[in-house]
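Trainee: Starting from the structure of chain A, add chains B, C and D where the hints point.
There are 4 protein chains.
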Amino acid sequence: MIRAAIVGATGIVGQQFLVALKDHPWIEVTALAASERSAGRRYKQAITDASSGAMRWFCEEPPVEEVMEMPVQNATEMNVSTVDIVFSAIESAPAKILEPKFAVDRPVISTASAFRYDDDVPILIPGINSEHSRVLQVQRKSRGWKGFITPIPNCTTAGLVITLKPIYETFGLNAVVMTSMQAMSGAGRSPGVLGLDILDNVIPFIPGEEEKVQRETQKILGSFEGSSISPAKFDLSCTCTRVNVREGHTESVFASTQKTCDVEDIARAMREFAGSSEETNLPSAPKHMIIVHEDPFRPQPRLDRDADNGMATVVGRIRKDAVLENGIKYLLVSHNTKMGAAKGAVLVAELLIRDGYIS
Amino acid sequence: MIRAAIVGATGIVGQQFLVALKDHPWIEVTALAASERSAGRRYKQAITDASSGAMRWFCEEPPVEEVMEMPVQNATEMNVSTVDIVFSAIESAPAKILEPKFAVDRPVISTASAFRYDDDVPILIPGINSEHSRVLQVQRKSRGWKGFITPIPNCTTAGLVITLKPIYETFGLNAVVMTSMQAMSGAGRSPGVLGLDILDNVIPFIPGEEEKVQRETQKILGSFEGSSISPAKFDLSCTCTRVNVREGHTESVFASTQKTCDVEDIARAMREFAGSSEETNLPSAPKHMIIVHEDPFRPQPRLDRDADNGMATVVGRIRKDAVLENGIKYLLVSHNTKMGAAKGAVLVAELLIRDGYIS
Amino acid sequence: MIRAAIVGATGIVGQQFLVALKDHPWIEVTALAASERSAGRRYKQAITDASSGAMRWFCEEPPVEEVMEMPVQNATEMNVSTVDIVFSAIESAPAKILEPKFAVDRPVISTASAFRYDDDVPILIPGINSEHSRVLQVQRKSRGWKGFITPIPNCTTAGLVITLKPIYETFGLNAVVMTSMQAMSGAGRSPGVLGLDILDNVIPFIPGEEEKVQRETQKILGSFEGSSISPAKFDLSCTCTRVNVREGHTESVFASTQKTCDVEDIARAMREFAGSSEETNLPSAPKHMIIVHEDPFRPQPRLDRDADNGMATVVGRIRKDAVLENGIKYLLVSHNTKMGAAKGAVLVAELLIRDGYIS
Amino acid sequence: MIRAAIVGATGIVGQQFLVALKDHPWIEVTALAASERSAGRRYKQAITDASSGAMRWFCEEPPVEEVMEMPVQNATEMNVSTVDIVFSAIESAPAKILEPKFAVDRPVISTASAFRYDDDVPILIPGINSEHSRVLQVQRKSRGWKGFITPIPNCTTAGLVITLKPIYETFGLNAVVMTSMQAMSGAGRSPGVLGLDILDNVIPFIPGEEEKVQRETQKILGSFEGSSISPAKFDLSCTCTRVNVREGHTESVFASTQKTCDVEDIARAMREFAGSSEETNLPSAPKHMIIVHEDPFRPQPRLDRDADNGMATVVGRIRKDAVLENGIKYLLVSHNTKMGAAKGAVLVAELLIRDGYIS
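Protein chains in written order, with our numbering: chain A, 102 to 460; chain B, 102 to 460; chain C, 102 to 460; chain D, 102 to 460.
It should be emphasised that the hints constitute simulated quantities derived from the structure, not laboratory data.
Copies of one chain are not kept apart here, so a pair can be met inside one copy or by any two copies together.
Distance condition first, Cα-Cα at most 25 Å in a straight line; then the derived DSS-like pairs of lysine-lysine:
1) K313 - K421
2) K421 - K360
3) K388 - K123
4) K145 - K123
5) K334 - K421
6) K334 - K313
7) K242 - K202
8) K197 - K242
9) K247 - K202
10) K197 - K247
Excised from the complex, chain A in its bound form:
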């Protein structure tokens, strides 16, 4: 078994890692780390409010009993030599400092954006750009690390790039225009989205989000040439909003393809797309990377976010678009805290274990 540490284990993403790794066939959680406040306590104690007795467990799934008595270490002082891999579930600012320290010795798979845009850092989605893992060898060499850092994409990028991949491969892409309607869980809990602000409302701005989606999508669809990734050469513009939904980002996509294609061509390309057969055999991989609905009332976040355990991207309403050259349009729903966060990171770990990057 691969031994894993969860850094940021008491937060919402850390807890999602615990759920994603419960009963995992290849990986077991053997170390937990969090901020100084939690350090030195048992996990259960660390997430229990002393005054009210309330447990600060944020996932829909029940608390993971296996780790309740595990001690929580101070993340800034953690020695990673007793684990084989580090899952980092911390904010970008501390990630900037802590992840390189861990990567000196061990592979780090991160949900933070701190290193996503560095040239020698891939943003991996198994089945979409698995071959980008080769950049990790460049990174190890250039940074002199035994380990490496590999972040997953922003949760809004994930669904978009997964659905664009078969279009890009089969018909080429000129341009993409996207408007997102994102779930509250993407904002986390500190401070997160207040009920007062989102009830009966749409919030039209998520700071930094649009820039992330634009850069990451081009990088993930880019090609690995020699020692780095050349971003894909198509234009991308988006507007990201927040709606009163718990989980599951909805995205309205308009795309211009290079080759002419009709609605059926796009639907077929998406349905046939499954990544290489190796990726779909990974333990956390969805049976179908993309599920395409005919019912025009789908996808809906509440009905479709949990498809294939939250790892599939669900598409509907594929139509011709009259504005863009060779234009098509569709909607997608992607589970922002499953494929778009901890479970997506576990899937990356599985790919890297299979391919010998982690052992």
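Mentor: Structure of chains B, C and D alone, referenced to chain A:
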């Protein structure tokens, strides 16, 4: 005073007409009509549930006391000779039959879509395309009516076309891509949107809506030439969704202009745009047709829908867009049941009274 | 295998029966019936909207593939001789007419209230008042039926009476005061609760609900004496409201016991209560009839409604009450469409199969 | 004009004070204070997020232009000699320290609970217990202050005690059992209620709330005898929950009266109750302290919270209760951030100005 009949007076749009006309300086409600079920009863009785005593009044504003004792006529048998104008708040199917009967003798201003796409029927928004009222003379002549039918646009069209107007006039338009996040009130109450379906959800399809927005926007921005309107010649593509908001449609707009322009040019054109001075003096007209925010967290439907009594369209996040030629993008909020419904229709009546079409 | 017909199979409760009976070890669905509109069509066709292609499937669980090709019969003409049991998921008015017709030949288990208050009709909750099934023999005899009708309680009654049972048994009850905060799914879909009405709101009245809860609770806790049930002799008063929750009724209970008892006594009585061992072995029975939380922020409908597959009632905040004699107070959450509807009815069927009433 | 300082002016309650005092006929805001972080800045600057340009204005009403350029002082160092009254909108912990410092020289009207339970401190609601203002003279004397501290009640207490007052006066009270369904705004914004937690949910616990309601209700209905207030002698028990509503607390009340009375008696007593005529003439007073509905679907928080500008308490569903001695039950809606917070405090100031306590 102009005497008005409200047809469909017991429904939600009919009640919005009653609110919009309460204490109106030029128009008074002197007749009410509804379906056979309500005919022959006092208005209060017609909207009160006999078994529970509950009043079926659907507006946020309090019930309009002035009409509570007014008798409700059967819409299919109503004689319009005692009024000067008919406001029609009925569904499209009955509108198709009843509105022409009324228009033989009297002007009909309608929220229904039944006649919107006929060549001799304008879709008026005072201050945007007031000059299209001249089509009404063509209509009268060709149909041999003393009155006429003039529908207002779909509620989703209204905000879009109002914000596009100053762009179109100043810089020209090549193309528009829009994704809407529409409020539940747009769906009415029969059956309307179930709480079960919209809670924690986005519904990605509103039957017929996208086609309406596309046709109406081009028609409203079109030019009146001789005896009919030539639709404006730019491409338009949209995706319309429903979100868990009571009132106020939010729209994410991407537009390609003919002339180059920057963000400040667009903001200035919108701010300076006010329709001609005559329109802004109409009793129901907003002080500003468009309000532009600098705060990137605006517009929000709950905070901005009631701007200028729900008659202004509120815009924010004007930015350059990298995908479209001379691309810009922004968000807007428009009150779908004020400017987008009964109050918008009352504003049309005011324009036509001022210009001598109704007397 | 016991062969079952679902009457009202296309509605929301009917679909919940299909989900509850999928892969059931003892019962298989062999017949479906609905209104004349659906009769003669395959089930899939009957629940698919012809114009849009949308499937009218209302459960969170995926559509039950096994019945998609099954023909739908006209409920008013159904011959029940080919099945062993009828599950009735129809409204009270048609139930009044149809259920006695079915009961002439076959046992009918119903979610409708039509016969709940008849003297020879028990309202069964296995583990709470299983012994009331003996009333069915009285019913058969007095009505001259081979079958019988046995309804389940109202969904709001279920959670209340389950939590009162161990209190009543151990300490006796003088009086109960209850305020409910009920989920929207309890109102069904025709017309159900409009999003417009419930967003940012509480609706303080559910017609008929309070009377049902009061009568049913006393009847269920009553004693079977000779040939009929004597209602339990304690006072009960409630106020039932609707809140913006999808599933799971929350109830705030204040109770006066006959014997003095403290908080720990009540918690222990609830925890130890499990119905007789036979009942907890039934296939659909919860592992624990009642789950008691120490965390004062529980129970919450979203977190607790699915406990033991929606069949457990979850209790928290047990405290002393200063107003009532020997007063205690607590909150409960009960899944109104699992234990409170179809799954609760299936549990009744299991009890009656085990005890030889159905074969 | 009475000159007022707002302490805690940048928070949500402070902003509600600014709205409540805009264009006030007797009181003008001449000083603002907040925490050290805001001190020394203009108000507009203090509530504007430097990085995004977003304005942190939390009220539905537009920002109060009159104070935008006013300097914000450091609350811990504020000299109150330039104002005639201090409105305190801070949390209880700092209130414990700061309010006595202000009260040495000036009257302090507070929304904090810090001093509510002190014997020489009244909890005033004009029209309910105006005569308790005489305790302020005791307070001044015993503490040697020129000013005084007078807090308003908890927002949940306000609606309950206002509706109990006419019952208590006319029929006497033995006992009250209450379950509240409280709005999110009662929890403020730091941290407030997360959208993630309240969507599709009810939260069954509000720490400290139930104890406050119980003590305050008895104190407010108590009698002033000699130098202190004797709490009213009836039992009170409540359960306080949070629901997904922005503003407006709903309370389900069950009460036992000393004298027998029927539903009409209670409704009449509430309708006739209006406080003394002097109180109803105060500028912020509601026209009716209590509004009673016959429609069983009222009160609803969204429809009734703004009655009489949020200063009336709205009652409905008055019925007999079978459990309590001389039992009656009803529901009420009260605006927790109007009558229950800043506007309620302004109303207290008006009473004390009229009666010569403030000048």
